[in-house]
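Participant: So the protein lines, in turn, are chains G and E. The first sequence begins at 1 in my numbering and counts up by one. The second sequence begins at 1 in my numbering and counts up by one.
No lab work stands behind these hints: they were computed from the structure.
Chain E regions said to be covered by chain G (calculated; three or more residues, Cβ under 8 Å):
{"no.": "1", "stretch": "103-110"}
{"no.": "2", "stretch": "124-138"}
{"no.": "3", "stretch": "170-176"}
{"no.": "4", "stretch": "324-336"}
Between beta-carbon pairs, the in silico distance windows are:
{"no.": "5", "chain 1": "G", "residue 1": "Glu5", "chain 2": "E", "residue 2": "Gly73", "range": "47 to 53 Å"}
{"no.": "6", "chain 1": "G", "residue 1": "Met93", "chain 2": "E", "residue 2": "Leu177", "range": "19 to 25 Å"}
{"no.": "7", "chain 1": "E", "residue 1": "Lys308", "chain 2": "G", "residue 2": "Glu52", "range": "50 to 56 Å"}
{"no.": "8", "chain 1": "E", "residue 1": "Lys344", "chain 2": "G", "residue 2": "Asp23", "range": "27 to 33 Å"}
{"no.": "9", "chain 1": "G", "residue 1": "Lys41", "chain 2": "E", "residue 2": "Glu25", "range": "56 to 62 Å"}
{"no.": "10", "chain 1": "G", "residue 1": "Pro59", "chain 2": "E", "residue 2": "Phe194", "range": "30 to 36 Å"}
{"no.": "11", "chain 1": "E", "residue 1": "Arg71", "chain 2": "G", "residue 2": "Lys41", "range": "41 to 47 Å"}
{"no.": "12", "chain 1": "E", "residue 1": "Ala52", "chain 2": "G", "residue 2": "Gly76", "range": "31 to 37 Å"}
{"no.": "13", "chain 1": "E", "residue 1": "Asp315", "chain 2": "G", "residue 2": "Asp284", "range": "55 to 61 Å"}
{"no.": "14", "chain 1": "E", "residue 1": "Lys344", "chain 2": "G", "residue 2": "Pro184", "range": "28 to 34 Å"}
{"no.": "15", "chain 1": "G", "residue 1": "Lys41", "chain 2": "E", "residue 2": "Gly166", "range": "28 to 34 Å"}
All C-beta atoms, glycine included, are put in the ideal place defined by N, C-alpha and C.
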Amino acid sequence: MAVRELSYRDAIKEALFEEMRRDPNVFCIGEDIARFGGPMKVTEGLLQEFGEERVVDTPIAEAGFVGIGVGAAMTGLRPVVEVMYNDFLLLAMDQIINQAAKASYMFGGKCKMPIVVRTHAGAGRGNAAQHSQSLWMLFVHLPGVIVMAPSTPADAKGLLKSAIRADSPTLFFENKLIYGMKGPVPEGEHLVPIGKADIKRRGKDVTIVSTSRMTVFALGAAEKLAAEGIDVEIVDPRTLKPLDLDTVLESVRKTKRVVIVDEGCRTGGFTAEVAARIMDEALDYLDAPMARVATEDTPIPYCRKLELEAFPQERDIIAAVKKLA
Amino acid sequence: MSKSVNAVDGEAISDLNLTTEQLVEFYEKMYTIQRFDTETAKLYQQNLIQGAVHSYVGQEAVAVGACSALRQGDYISSTHRGHGHCLAKGLDPKRMLAEILGRRTGYCKGKGGSMHIADLDRGILGANGIVGGGIGVATGAAFTARYKKLDFVSLCFFGDGALHQGIFHECADMASLWKLPVIYLSEYNCFAEFTHSVKTFPHLNLEKRAEPYGFPGYRIDGNDVLLVYKTVKQAVDRARRGEGPALIVATCYRLEGHYIGDPLTYRTREETEEARTKEPVSAYRRRLLKNEIAGEEILWKIEAKVQKTIQEAIDFALSSPEPETDELFTDVYATPEIQTLLLKGKK
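Chain E on its own, in the form it takes in the complex (with noise of 0.2 Å):
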């Protein structure tokens, strides 16, 4: 059941069924993404964000294949590096960065911050600072969905680190005895953390690990994003069929460390320069020319937007407020009745 497919070549591009537009906004995406997280390091630099950030640079093509192939009812669990997710979904980059740097004005209030950006509405479940923290949830959704007889599905991202935790286990077993639509999207990025992704797999068919739960699992190239949106496609479509999950191992590279300031003693540049000749970003770029599917004065336009967007949200998240001293007791309780007699026992 387990496959590796072979990557989506410049001729293939005609099968996909989507449209010069599609296939630019894919380009647009992906490049916001790399221009948030790079400036998002940039602020982090600066002292402006507090705690970790943790960059998605290197793994845009996964969020955006991924993303694109789901609809807007469609639910998604994130990660601690969850900005790609969440930008690639739909969000605005303006309340995402003022999460991030805990504003009023972000998605949380400020409360949340990076590892905690969350938009129900938006059908994202929460970036979840726990590893292998949404499956979980993700999976949770995608039983709502077959309870209610309801056409969503539900894409569970997280990294190769979180294929060794029992949770993946436990749910991946019950998605499949009851046939929920979830896809677990697993981004190998090569680094479980500070450790090479390779040393802590007994064997790197990881794809495999669908089998025994009777599944299909598939082994793809993450930096190709018209691959990552093919595949993806195919599961949702199954999964919405009520055929049950599928899991998905997209390699990618990680190209900063574990969050910004890592000393990456664990890794040599060499090793870096090397991934960076395949990063996504750039690679699609000189397809869409390759292909003449845009040119270059479209995607400098798009470029040129893309950096203005972003230096608004900058803009914005700078000059928004931080949330009040009582905030600090709001929402503790969703109940009102319980949240009243928290803030009494405060008195």
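Just chain G, with the same shape it has in the complex (with noise of 0.2 Å):
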């Protein structure tokens, strides 16, 4: 299979692309999707290609476009929902959890739930406290849904195939920052396993568990860290639920040193999670205390000298790692 280099955006767009033309039943629904392509154009030309029949602009309603989502999974459809900010899936939390989540487990399995919810996440851009946050725990926490969190093009792409082809509602996170980083990019059926962690940098002295954006500092701060004799590993779960906990427990066997790095909260944060569940399994393999960087308890800032104090940086990283190594 031919690898070319794509960004973020086209890697998520031309997953789109790939799954509409294979399945007649796959179609997205958001708000500026169609006409205007999306205000991060991801899904720009596909109204063109596909017809307004399958690419949906809405009104601003996020409650009533996720809800039709989930009656149209219901019923044999396969819809692609685009949240603009994850910050506005709060808006659309009862059609999330109470509706998607449950309806397989409630109806006895009688019901399957193939929604996918594309949103976006992440601090970094002066967007301030309502467009900025990293959300994923909230669903995280959730029986009966899948969590992505893709940190690269190709898993982008990847996992997106995956989770449009599966019968479980997905929360699918995007980072607003990103959607212009380039990465190389498998061409055609590339279909990254739900639930499995891919090792992005080999290392033997401490393991980085980094999601989504934070990946990208990581992998910037073990260049660093390399220059100064530090040889890092970077554990990248890519799917936050399920999680694949195999592989992050064999890197931490294996380097007896783990930094956490989440761009959520601290407080009840995905670097707790994992955390606590490598204290679960691997505790007695510790050589140090784990380290979490994850963002401050407090909203997200506008002002770029404070917001840049609230989530972690590439200097977090390395100051972290220090500390253990």
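Reassemble the complex: the two chains are provided individually, in unrelated frames, and hints are given to aid placement.
Facilitator: Right, here's the structure in full:
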């Protein structure tokens, strides 16, 4: 399979094109996605190929169009719903949590729920408190959903294709700061398995478990640490739920040191969950306390100086690793 | 566009194009729902049912009139007070009662209970424990009909309480914009849980809530099964022709409490007794007799048959096993590989 350089944005777009061509039941719905091509331009061009029946612009009514997606999924379609910012998911929580996530279970296994809700998370663009959160942990907490947060163009394409084919509801978190980031992406049928972590860098001294854009920062940190003789291994779970704990544990047992990095808030965050799971399964292997690098327990501030203090930066990861190594 | 439709009187029965058999069947279904929920209440009082049971008694005409206007392939979404809707759409009382008793033979293997009975094969998108929770689902099913160019419709039952929910506004907006074949049927049963509905609305011309969305709204006597049938049929035919949604507000009276065991401190006995004089099942029975559509003998036979059916349902449910403990973990994910990962994580 040929591999080209694509941006994160174009990789997601390619997944949408391919899946819509493959299966006539796949359709996209959301605010400004058809004529405008989406605020992040991820859905640009879909309308021209697939028409307005399959690329549906909606009013600004998140609960309504997510709810319509849920009903469409129950009756045989495969909606890919775009929610413009992950902060706006909060307007559709009943639809996601009480309806989509539980239908299969409540109805005794007779209901499929093949809905994907695409959205983006992330701070760093001066969007302030209601447009910069990283809210996946609200959903990781929830039985019945799949949660993805890809950090590379290839993972974004491969995971989204897998999500669209899954019969369970998936929350697909993109990151608004890396849409333009390029990377190698296989052409055509490239599927990343759900619930499979990827080792983004091999190393022997310290394990970094990182998600979404924090993996990009971790890779940068690793290069600088290598120059100082610290050899970091980076494990990106890619799917946050279900979590590929085996790959995390294997790395931790090898390096005996771990830093967990996530853009969600620290308290009750993804770093806490991963730390708890490592403690359950591999505490005896650790030569140092686990370290967590996460967003401070504050709303994301507007002022750039404050914003950069609020969520993890490369320098924070470097400092945390050095403390352990 | 909104209108109140006058009651279908005795003479107009012939205009409905219903056979005698169908007219009598309406009674059988209404009586079945009444008996089913009356017996369910007794089982609840005997502590054989956990959680909460919301009785449909008093509202039978709405479910039967509405579901009789649907085809097998049409969808409904139901509510926490959903036994009547499910029975009217054709579910088996045995498996329904088994579900309510948390048994393996129930429609959801005992994992859903009274508030979550569903059978997608019969077009039931699920009862729903959230007030207004079925509105998105039903509108989405109507979206599927339009998307696939199929001629099924989706009928969304909800109480008057759900008219307050934002999801109704959002979905009505899009259903009208895209002319989706969905019928919003609000049962105005006089109570929003423990509060008189009249205290919750700024005005009671609720059918007018359809106007700003640009589709017709009707307010009807929900105790009149034939009027419900006629109005829903009209809305369904219109939706099937691709002309979009409708809102029907059917007025009735919740003869039981919000749930079985409700102390009912918020209403008087006199009020309930007054409402009972308009109770829809016996009213329709009298009407069948008065119009000589069925004689006492036929109705007695039906009543005996229904009582037998309900007793068999009780016996079936009580003798059914509970689910195995392993069932706790099945069906969390409909995607098999994810379900496997969940079970692995458990170990």
